[in-house]
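If you want the building blocks of each chain, they are given just below.
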Amino acid sequence: CSPRVATHGNMVDIDSLAAIEPGQSDKGRVLALLGSPSTESEFGQETWMYIANRTEQTAFFAEDVIEQRVIYIAFDGDGIVDSIGRLNQEDGKRIEFVNRKTETAGQKISFLQQLFGNIGRFNQENSPLGN
Amino acid sequence: CSSDEPKLEYVERPVEELYNEAVDTALEGDYKKAAPLFDEVERQHPYSVWATQAQLMAAYSQYQSNKYDEAIGALDRFIQLNPSNANVDYAYYLKGLCYYEQIVDVGRDQKLTRNAMETLQELVQRFPGSKYSRDALLKIDLTRNHLAGKEMEIGRFYLRQGQYLAAINRFKRVVENYDTTDQVPEALHRLTEAYAALGLHEQAERTAAVLGHNYPGSEWYQDSYALMTTGANRGTGSGEGLLGLGLWVF
Amino acid sequence: QTMQVDEIEVVGTQRVDPETVRSYMSVKVGDVADAAMLDRSLKALFGTGLFADVSIRPEGRRLIVTVVENPVINRIAFEGNKRIKDEDLGREVQLQPRRVFTRTRVQQDVQRILDVYRLSGRFAASVEPKVIQLEQNRVDLVFEIDEGPLTRIRSISFIGNKVFSDSKLRDKIQTKEYAFWRILTTTDTYDPDRLSFDRELLRRFYLSEGYADFKVVNAVAELTPDQKDFVVTFTLEEGEQYTFGEIDYDIRLKGIEAEALQPLIETIPGETYDADLVDDAVDEITDYLGTLGFAFVDVRPQPNQDREGRTVGITYFVGEGPKVFVERIDIEGNVRTLDRVIRREFQLAEGDAFNTSKMRRSNRRIRNLGFFKSVDVTNREGSQPDRTVITATVEEQSTGEISFGIGFSTVDSVIGDIGIRERNLLGRGQDLRLKFSGSTNRQQFDVGFTEPYFMDRDVSAGFDLFRILRDETDDSSFKEESTGARLRAGYDLAEDLRHSVNYLIKTTEIKDVEDDASRFVRDQEGSETVSQIGHVLTYDTRDSRSDPTEGYFASIGNDLAGLGGTVAHLRTNVRGAYYVPIYEDYVLGLIGEGGYIFGLDDDVGIAERYFVGGNNFRGFARNGIGPRDSDSGDALGGNTYYVGTAEVGFPLGLPGDLGIKGFVFTDVGSLYGIDDSGSEIVDSSKLRASVGTGLAWATAFGLIRIDVAQAVLKEDVDDTEIFRFSFGTRF
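Chains as they are written, first to last, in my numbering: chain A, 1 to 131; chain B, 1 to 250; chain C, 1 to 731.
For the record, the hints were derived by calculation from the structure and aren't laboratory data.
The reader is advised that the hints may include incorrect statements.
Unchecked claim - Straight-line Cα separation of at most 20 Å, EDC-like style, residue types lysine to aspartate or glutamate; simulated pairs:
hint, chain 1, residue 1, chain 2, residue 2
1, B, Lys-172, C, Asp-330
2, C, Lys-130, C, Asp-188
3, C, Lys-323, A, Asp-15
4, C, Lys-358, C, Asp-287
5, B, Lys-172, C, Glu-327
6, B, Lys-172, A, Glu-40
7, A, Lys-27, C, Asp-386
8, C, Lys-373, C, Glu-395
9, B, Lys-111, C, Asp-376
10, A, Lys-101, B, Asp-105
11, A, Lys-101, B, Glu-21
12, A, Lys-101, C, Asp-456
13, B, Lys-111, C, Asp-386
14, C, Lys-358, C, Asp-330
15, C, Lys-358, A, Glu-56
16, A, Lys-101, B, Asp-89
17, C, Lys-254, A, Glu-56
18, C, Lys-323, A, Asp-13
Stated by the list, open to error - Partial list, computed: chain B residues near chain C (C-beta under 8 Å):
hint, residue
19, Asp-39
20, Arg-43
21, Asn-82
22, Arg-108
23, Arg-144
24, Ile-154
25, Gln-163
Just so it is clear, the structure is predicted and the values come from calculations on it, not from any experiment.
From the three backbone atoms N, C-alpha and C, an ideal C-beta is built for every residue, glycine too.
Using the sequences provided together with the hints, build the complete structure.
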């Protein structure tokens, strides 16, 4: 049975990456070659990140990542490329995320209200013409 | 075509009598009956001094009987007709409450939360001195916190799915657009988790440092600290626990 | 010239507060006003809709603002409306009691009322607004309505259609001719929008049948002389039927060869031209390139028509598409369904490369949830040129169902069921079902719960609790009561291949055995527990589950009992079906099923054996065939069975949407093999067969099915039955 292959994120192609020289290329050059970054760093030295992965999923198994391409480009004060880094899935870490979440309010639907509440009575006030 | 006057089945009554009956019904707490009575005052005597007050009382009665849409309609009309009335700040405030009390949990459409926030913000901008503005400001913060909660819910969804890029951008939206809410500590920790999962350790360290600097006492910082020093969240081994089974079925 | 404004005097206000008038004006006390500012104030005051007339007159250093207030509506009444009630019209019009009355709003409301009548098929309706002045500048508003006759479609005819019959084309379009039995439909009235949609439906139909030059010259609806109904006439130019000409590729992507794309497409030279196949080909190529990592592809078919040779060659242009990424996916309108239940159906995640066919497929997947009245997935430019924001707007519909069914069948006499079901429990996409179904000899109560994405994976898991009472007294002189639970999980292995596993635990009691029952039944009295694991592998390409006309179905399942419990057996069930249209609407169906149960450490009890006859083998009564105790006449069930059906379904020449189909069929099969042994057991593995004909009518109230079948090959102990009728309704 054929696995389902999916590509997510911005799979930057390696040749255009090679065309970027630290110390020379500026933001404009990077934009022209790779397009706008998937995400940018929030704090500290300004860094552009291009993140992508390709996954395979068969039957009931979870998706497993067959390729993960993470590229980060750090810029110096005047917007010139300072350093380039490339990571793949081995560099990543398998983390079990914290299960807690910060509480929020808002009415939940109660079981009975939902089961009996809306049999055939849901948007009852829309007119034949629709609003 | 019909020549005679359309039959009037309602009785024209003097305005004071109508108004007092409506007020008494409201005071007895029977708001469902009071609302139409206030409407009657405005309909039969639109130009009397009571009409304006009746409009506001009608809206209040509908609000009390949880008929929010009707109340909002009546309040909009009151605001359009009497923009400079002494009680118009109360009209804005009541309209904000009508939306505020219908806010649903973060998993669902937050249109009502946005409406509540916009109406209360309009109140605070137009009438900073109004006695309702203090409570409005408090409620605005709660609605903003609620909207941040929705962004977090979507971020956590992508995190669980292993779509770290999507998760990072959602948590960044919380840090950028909702920086005064109480969701920010968790957003920063989730960013640390996502960056670490991708192997971007420098970004992870910087984010954890910002979390520690701004929210030193927060539980989330203890998680980030543990993640950065031991490589795993507090109290978690690696691999998915059986707890997941129960969580999802119910 | 300008003037210094020291004071603004407001004249003529009654209800509106003078302060309100001043607040809407752009000129304020103390300003230096010029003509333009005055004009702007004038327009602002008119804009509020509160005033019928406004004039501003400078007098020295004072501005005199004279206003005439629009009256307030006291009451609104509708007269002359029989078909549509006052409340419905009241909801449609914008003017309400206590609102301000303006000329423009009255005209708008007249139009809205006419629209409501047009929608319910009354085009000749007319509306006359009457205004009655009251004191204190109030008015009563009366809409005098003349509804006019119901403009129904008396007949639909086609000119120029040589290849397909009028009735065939009528089935393809939405507008229907008026007919007494079309009670529940509203499409038998004239509606110009629906007519133009019909032109599109006809065009798509002909294009999929190879008529590349097809044109609807015009579609005209004329009133009949008596002005009561419409006659609709479509004038067509069918043109010639085309076949696919030469197929080639214009590929601009590096590393992609034509041979790689060849097997994906079904537009084969020589085959009849079909526009749908071309669209499918574009999707197939886009998906294939997507899996190779080409996120941004632009695949466009370029047809070149050869009129003499009557062929349509296709050149598939495959080039680089614009590089656009998904900035954000916003989901709106989900007032009840949780965000993640919709988001997990998306084929795109935020940050992914944008691609229209993935967006289309996400739309289809969300629609297939069945939770929404409408699903609309659109995208607009994001914060940067190479970014796009996708918005999915849904409109919820009630997913709760209270179902109540009643039916009659000669096999089970009166049958009925009542159930309550929620397909989107608490907005979490989970399905909960409570159902009680019963007939004279079988009552069943079950509860079912399913989570479609168990552990966030593409696995649908759930459990069922059930309690079944079977009264087999007349055929086999015993009653059976079983209570149990089943845990199940299912997942897709490939496109049409699905696998599911389950664990079943139940206790079954054979009781109230008649005194004169067969001794084999008597010694089964008592209870047993079955603890069984099982799985089913299913392959299904049928075009529809309820009324298949094309495609295969095959499933194989095994159950292993014996891990605990008092019973140990291995059971195998197989089912298969093949449907193919043999001539226009005639459909041949070859259907087969079989089962074999094998006791592992002791005999297979009666509760686990197969019973055949009645519903699953026409021409034979319930439990009509299979091993039987010749003394007591009790049917004992068997360990092995197979039943095959060859059936041809055909329309009875009546309009398609009447839903009546005729059948000619033959059932063959047998039931045999039993672990007990004794001289009085009659057990023959000979083939039984029956031939018959039947009728199925899917009415608005339920499915009526009549079958007449004559057993032609039978054993003398078998129970046969000629006539079977069943009527089941759900509402």
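Structure-based check of each hint:
1. Lys-172(B) <-> Asp-330(C): 16 Å, holds
2. Lys-130(C) <-> Asp-188(C): 33 Å, violated
3. Lys-323(C) <-> Asp-15(A): 17 Å, holds
4. Lys-358(C) <-> Asp-287(C): Given that 20 Å is the threshold and the Cα spacing comes to 8 Å, the pair holds.
5. Lys-172(B) <-> Glu-327(C): 13 Å, holds
6. Lys-172(B) <-> Glu-40(A): 9 Å, holds
7. Lys-27(A) <-> Asp-386(C): 16 Å, holds
8. Lys-373(C) <-> Glu-395(C): Status holds; Cα separation ~5 Å.
9. Lys-111(B) <-> Asp-376(C): 17 Å, holds
10. Lys-101(A) <-> Asp-105(B): 14 Å, holds
11. Lys-101(A) <-> Glu-21(B): 51 Å, violated
12. Lys-101(A) <-> Asp-456(C): Holds: Lys-101(A) and Asp-456(C) sit about 18 Å apart, inside 20 Å.
13. Lys-111(B) <-> Asp-386(C): 28 Å, violated
14. Lys-358(C) <-> Asp-330(C): Answer holds: Lys-358(C) to Asp-330(C) is near 16 Å, not above 20 Å.
15. Lys-358(C) <-> Glu-56(A): 17 Å, holds
16. Lys-101(A) <-> Asp-89(B): The hint is violated at about 37 Å.
17. Lys-254(C) <-> Glu-56(A): Violated, because 24 Å separates the two Cα atoms, which is more than 20 Å.
18. Lys-323(C) <-> Asp-13(A): 13 Å, holds
19. Asp-39: 7 Å, holds
20. Arg-43: Given a least distance of 5 Å, the restraint on Arg-43(B) holds.
21. Asn-82: At about 6 Å, which falls below the 8 Å cut-off, the nearest Cβ of chain C leaves the hint on Asn-82(B) intact, so it holds.
22. Arg-108: Result: holds, 6 Å to nearest chain C Cβ.
23. Arg-144: For Arg-144(B), the interface hint is violated, since the closest Cβ of chain C sits about 18 Å away, which is over 8 Å.
24. Ile-154: Result: holds, 6 Å to nearest chain C Cβ.
25. Gln-163: Since the shortest Cβ distance to chain C is 4 Å, the answer is holds.
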